[in-house]
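Numbering (the working numbering), first residue to last: 10 to 124.
Everything labelled a hint here was simulated from the structure, so no lab data went into it.
All C-beta atoms in this analysis are idealised placements derived from N, C-alpha and C, irrespective of residue type, glycine included.
Any given hint could be a false lead.
Beta-carbon label-pair distances, calculated as ranges [said to hold, decoys possible]:
| id | residue 1 | residue 2 | range |
| --- | --- | --- | --- |
| 1 | G93 | T62 | 18 to 24 angstroms |
| 2 | A56 | G76 | 33 to 39 angstroms |
| 3 | A73 | G93 | 31 to 37 angstroms |
| 4 | G108 | A73 | 16 to 22 angstroms |
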Amino acid sequence: MSSRIFAGLVCFAAVARAQPIAELGNLSARMRLASGGSPVVVGAVLAGEGNATLLVRAVGPGLAGFGVSGVLADPRLTVFGANGSPISTNDNWESEAGGAAVREAAAQAGAFALA
Numbered sequence: 010m011s012s013r014i015f016a017g018l019v020c021f022a023a024v025a026r027a028q029p030i031a032e033l034g035n036l037s038a039r040m041r042l043a044s045g046g047s048p049v050v051v052g053a054v055l056a057g058e059g060n061a062t063l064l065v066r067a068v069g070p071g072l073a074g075f076g077v078s079g080v081l082a083d084p085r086l087t088v089f090g091a092n093g094s095p096i097s098t099n100d101n102w103e104s105e106a107g108g109a110a111v112r113e114a115a116a117q118a119g120a121f122a123l124a
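All chains, please: the whole structure from these sequences, using the hints.
Next up, the structure:
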């Protein structure tokens, strides 16, 4: 059975809030997927008052520059809300609307650039 590596990077950048909070700067997950397209689920729960800006990325071919082999050629990312409904789905982020915003958010979060 062949497998592929799925690697994802989730960066959290918290904005000002009335109450002090702990900040999570980076959360990464890497897993092996059997061929067949089974989804990978990574969860995070955010709590508290106010808003937070999140940068959530599924990184595939961009990891090759870091010496990671067997990456997914074309990952797709869907973010779900607490009620299980999709908030946003992205595939081929650079060619979709918002590509410039993703690059800017990555730079602000200190995340590595994607090609």
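| message | Of all the hints numbered above, which does this structure not satisfy? Sort the numbers upward. | response | Structure breaks no hint.
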